[in-house]
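Engineer: Sequence:
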Amino acid sequence: MRESLALRFLYRTVPGRMILKLLVQPKVSKAAGHFLASGVSKCIVPCYIRKHKIDMDDIVIPSGGFSSFNDFFTRKKRIESFDMTCGHLISPCDGFLSVARITEDTVLNIKNSRFTLDDLLKDHELAEQFRGGTALVFRLTPANYHRYCYAADGKIILHRKIRGILHCVRPIALRTVPVFAQNSREYQVLRTERFGTVIQMEVGALLVGKIRNDVKILKSGYAQRGKEKGYFEFGGSTIIILLQKNMICFNENLYRKRSSSGEIPVCMGEYVARADKEM
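Sequential numbering from 1 applies to the sequence shown in my numbering.
I should point out that these hints are in silico values taken from the structure, not numbers from a laboratory. Do not rely on the hints blindly, as some may be mistaken.
[Stated by the list, open to error] As a list, the in silico EDC-like pairs of lysine to aspartate or glutamate whose alpha-carbon atoms are at most 20 Å apart: (1) K245 x D276; (2) K51 x D71; (3) K77 x D276; (4) K227 x D58; (5) K227 x D83; (6) K30 x E186; (7) K161 x E263; (8) K216 x E186; (9) K227 x E270; (10) K219 x E186; (11) K245 x E125; (12) K76 x D58; (13) K227 x E80; (14) K76 x D55; (15) K122 x E186; (16) K77 x D57; (17) K76 x E233.
[As the list claims (entries may be wrong)] Label pairs and their in silico Cβ distance ranges: (18) S220 x D105: 35 to 45 Å; (19) G132 x C47: 42 to 52 Å; (20) K122 x G221: 18 to 28 Å.
Keep in mind the model is a prediction, meaning the values are calculated, not measured. Note that beta-carbon positions come from the ideal geometry of N, C-alpha and C, so glycine has one too.
Work the whole structure out from these sequences, hints included.
Structural biologist: As structure tokens, this is what we get:
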């Protein structure tokens, strides 16, 4: 991927890094958020659609148009389809999927940044439960739909937010700072009938990168497969699903769509894996 001159300046020069240090301050992030939520920012929308070639045919457009850029970025689809087969794990979002096996001493490589499961979860005992399991990493691009759903049914037994400094997640940034370890993230631990204990995590990114999860679902204590879990406001984003050992059989048909980089394009609600055995 070619990097812009702006990113090269920010991450590879002393003046650029000084500016970057200011950009990732909470006050700047808050100001950026206010702008993107304001009516002034809606002028960005047409250019953004053209640049990223976003298909608007299936999008719900308010009668008066989008009130702000964030209103557009968190847009809803008219129709959302889901695989309803019992025992299937579905994709929680539109994006690009990569699959990693979690061995005893493996670190995950996400967007060129390597980190341990302990660092990711900030919980050693919880991380130990997923040794030998599988990590499904979903990368969302600017053109993707930024709402996401639950990948499986289950009881919510733990919810955690990890605050961090928000940095750009593009490769040039990752070669300079430990970006992923500094990103804010939020995860829920689900106890499911078909897949054992499952973790579904959202990761925020540069400047705003807000994760907006439905607090009503959290209060209910139960996750429903296909039910909207939340959405990302503007900023790069990633969703990670962690599964325990011998819990799933991956949908082999998806491998036919795998790119040379190993990523698989998926749609929210698409069949990703089935339960390896009856629980």
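Engineer: Determine for every hint whether it applies to the structure shown.
Structural biologist: Taking the hints in turn, this is what the structure says about them:
Distance check on the hinted pair: K245 and D276 sit about 10 Å apart at the alpha-carbon level, within 20 Å; holds. Between K51 and D71, the direct Cα distance comes to roughly 18 Å. Compliance with the 20 Å bound is thereby established for this hinted pair. A distance of roughly 32 Å separates the Cα atoms of K77 and D276; the hinted pair therefore is violated under the 20 Å criterion. Restraint check for K227 and D58: satisfied, since their Cα atoms lie roughly 19 Å apart, inside the 20 Å limit.
In summary, the hint linking K227 to D83 is supported, as the alpha carbons are separated by about 12 Å, within the 20 Å threshold. This hinted pair checks out: K30 and E186 have alpha carbons roughly 19 Å apart, not beyond 20 Å. Note on K161 and E263: the hinted pairing is violated, with a Cα-Cα distance of about 27 Å set against a maximum of 20 Å. Distance check on the hinted pair: K216 and E186 sit about 16 Å apart at the alpha-carbon level, within 20 Å; holds.
Restraint check for K227 and E270: the C-alpha separation of about 13 Å stays at or below 20 Å, so the hint holds. For the suggested pair K219 and E186, the alpha carbons sit about 16 Å apart, so the restraint of at most 20 Å is met. Between K245 and E125, the direct Cα distance comes to roughly 16 Å. Compliance with the 20 Å bound is thereby established for this hinted pair. Under the criterion of a C-alpha separation no larger than 20 Å, the hint pairing K76 with D58 is consistent with the structure, at around 9 Å.
As the CA atoms of K227 and E80 are separated by approximately 10 Å, the hinted pair is consistent with the 20 Å bound. Simply put, K76 and D55 have alpha-carbon atoms about 12 Å apart, close enough for the 20 Å limit, and the pair holds. Taking the CA atoms of K122 and E186, the gap is near 11 Å; set against the 20 Å cutoff, the hint holds. For the hint pairing K77 with D57, the CA-to-CA distance comes to about 9 Å; that is within 20 Å, so the pair holds.
For the hint linking K76 to E233, the alpha-carbon distance of about 13 Å falls within 20 Å, and the restraint holds. Checked against the hint of 35 to 45 Å, the pair S220 and D105 passes, with Cβ atoms roughly 38 Å apart. A C-beta distance of roughly 47 Å is found between G132 and C47, which places it inside the suggested range of 42 to 52 Å. A hinted range of 18 to 28 Å for the beta carbons of K122 and G221 is consistent with their spacing of about 22 Å.
Of the hints listed earlier, those the structure fails to meet are numbers 3, 7, in rising order.
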